[in-house]
Amino acid sequence: MKMQSLRLIFTLWTLLLLVACGGGGSVSRDDDTGTVTPDPTYSISVALTNSAGEASTQLTGDTPLTVRATVTDSSGNPAVNQVVSFSFSVENLARFSNDTGTALTNSDGVATITLIVGELSGSGMVTATLDSTTSAQTGFTSSGTTATVETPESLEIFSSQSQLSSSGNDEVELWAVVKNAQNILLEGVTVSFSANNNAAIAETQPVTDENGTARVKLRTGGDKENRTIVVTATVSGETTLTETLSINVVGTEIDINGATSAIIGDAVNITISLEDSDNTGIAGEPLTLVVTDPSGADVTATTVNNVEPVTGDEGRVTIQFTAPASGSYSLTASALNTQTSFSIEVQQDEFVFLNAPDVDDVEQDIALNTNYALQIRWLRDASPFAGGNVSFAISRGAIVSADATTDADGIADLTVSSTNAGLATISATGTDGAGVEVSTQIDIAFIATDAATLILDATPDSIGPDGQTSTISAVVLDAQGNRVRNKLVNFEVNDVSNGNLTDAQSRTDRRGIATTVYESNAVSTYQSVVVTASVNDNQAVTGTTRLTVGDRPFDITLGTGNLIEAPQQSSYSKEFSVFVTDADSNPVSGTTLTFSATPVIETVGYAYFKGYWIWDEDDSIHYQVITAQCFSEDANGNGRLDAGEDLNGDGQLTPGNTAAIDADATTDDNGQALIELNYPKQYGGWVQLTLNARGESSGTESVDTMQYTLGVSAEDRSTQGSPPPSSTWGTSSSCADTL
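Going by numbering that gives the first Met the number 0, the letters in the sequence shown line up with residues 0 to 738, in that order.
Keep in mind the hints are simulated off the structure, nothing from the lab. Keep in mind that a hint or two might mislead.
Said to hold, decoys possible - Distance windows between CB atoms, simulated:
#1 T227 <-> N256: 25 to 33 angstroms
#2 R545 <-> D645: 28 to 36 angstroms
#3 S340 <-> A397: 32 to 40 angstroms
#4 I620 <-> N256: 28 to 36 angstroms
#5 T708 <-> T301: 35 to 43 angstroms
#6 S329 <-> E675: 47 to 55 angstroms
#7 N256 <-> S235: 28 to 36 angstroms
#8 I620 <-> E209: 45 to 53 angstroms
#9 A397 <-> D663: 48 to 56 angstroms
#10 S235 <-> T270: 47 to 55 angstroms
#11 Q347 <-> T227: 45 to 53 angstroms
By construction, the Cβ of each residue, glycine as well, lies at the ideal position given by its N, Cα and C atoms.
Take these sequences, add in the hints, and give me the full structure.
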């Protein structure tokens, strides 16, 4: 039994050896007379190459690898049309370029497939398998798929244009683009924009959108200076990114106009205008002037009357230039980073009026409707210049006749006349054969001499007893309504209460006004004080006014505080309190009061002012600079522009009614009433009003009056670069113009 078992084991072992040695062949019956064909034997090798065909094991998103599996038979010949299966030792390091991960060998016995980077990074093996016993493998390293990094690494800034108009009426669009290290546009990143040089930024979209873009608007910020604005864009984070861009503000210019020639010692007017890119005047800006003589020396201090002029409301200012010697002078004006030069040729000429009347001497004023002869003389190198062309112009009245050329003595005659009273400027210009000009001008005054009307007024016309006063004003006019200057006016009073006049006579000034003052004594009946005025040399020209001296049963007190409101950007509102009390200072309720706000009359004070505002760096506030104090042109208070009243030539009464006040109010239980005075901001600081509050009780009228100069809010005075408006009527030192 044991021997049988051994034989069986030996037989099985022999069969196994035969199968192994056959290499996959088969077993045949002993009676099979055919031959045995062994299965082919293959070998396989694997290599990795990059897109350039070079050997590489580094797999990234930008550099995929190609797997080359080469299959040969036992004789070394290429094995064609063999299916090679590919696999990874570690999943997600890479993926194959097709779904099955298989490839067929070509005629060279090569099967290829592409490796594409996977999600994971690290190293692994790629295996090429022909069958269960034939395979090969090689290693590679994968960078892994890099997820989008949200960290900003790149910032760029762009603009819609490189210039910005100084007028402030346009804007530049700015945008910043934010990217990460892979140049992927990043959304939701906050970009901080800033700008220097008084610019303004409107942050319309400071956070990047899906295109990685943040947008803002750049404006001048109200500063009209020519300058370069540097815009900075910043992204904060682990690494702060900053980029800058320059935008030029352009368009502000200076223009200089005036006589291009002058004579030694003669003053000529030069007008300097400062305008923005829209040709709009820039007000309240100081100008820097430099005048150089023919040698190039700075002679500013000795040749111009205002070395630090400031532009008025229209952006203009007028200066006077006077040269001490002949030659070519250059005037350069600069402001807001712009400048302009103007040349003036000063001749060794004398070009003057010989017999000009003194405008400040009433005895030399020229009567209306009379011809007045004047002469101008032209000397060159101290000798008469004959044959020079001369032209004349006059601002009031007319030139009746004038010579066109100078005679042998260098003299040209002219005759002037006027039908209306007031100041007039006569300008003369001479031109020689070479086209060189000389010029000069004088002021004269035309006056009315024949009195026809006298208008008498008392301010106020209701006063208390015991020395209270009222100003009595007489306005003397001729038949055409012209003011009559230098007329002696007689005043007399008819008053049983024993009041008196301080002056019985007064002479009319250039505005045709003569004044005196009434002083009260005792209480009178209603309007029983009668004051009469008459022209001394024509007693038929007379006027009358009436006053009341009342023992008031109540008193009116008008006052205000220091607060100014701005209900709109263009206007102010000022509150006033009115109190009505009886003789014991107890409040009187239910009293109806009426109010008025009119320009201060000449006999009380100045009604309007000319000037501008200037910034004080130490106090950080604008201070008012008054260049002229002027009386109201409405001398008779009738609210109409009468002949001879338009002293500054602007065609209307100046200052006129510039504010609106509540017409009436009724006192409350405290005897108080509140009223409002409203006015445009442009008049703030430049107009003085008389405010009147009137009330009546038991037939007796009470009144209180106060003078108030229209105020300007502290907020508007403390904004650098944006001063309150300059005077509507100009910045010159004369009330006879609007310069």
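Each hint, compared with the structure:
Here the CB-CB span from T227 to N256 is close to 30 angstroms, well matched to the stated 25 to 33 angstroms. Distance hint check for R545 and D645: the Cβ-Cβ separation is about 31 angstroms, which falls inside the suggested range of 28 to 36 angstroms. With their beta carbons about 38 angstroms apart, S340 and A397 fall inside the hinted range of 32 to 40 angstroms. The beta-carbon spacing between I620 and N256, approximately 33 angstroms, falls within the hinted interval of 28 to 36 angstroms.
Checked against the hint of 35 to 43 angstroms, the C-beta distance between T708 and T301 comes to roughly 37 angstroms, which is consistent with it. For S329 paired with E675, a C-beta distance near 54 angstroms keeps the hint of 47 to 55 angstroms intact. Separation of N256 from S235 is about 53 angstroms and departs from the stated range, judged on CB atoms against 28 to 36 angstroms. Range check, I620 to E209: about 49 angstroms between beta-carbon atoms, so the 45 to 53 angstroms window is met.
At about 49 angstroms, the CB distance of A397 to D663 agrees with the hint of 48 to 56 angstroms. Taken as a hint, the range 47 to 55 angstroms holds for the pair S235 and T270, whose Cβ atoms sit roughly 52 angstroms apart. The hint said 45 to 53 angstroms for the Cβ distance between Q347 and T227, and at roughly 46 angstroms that hint holds.
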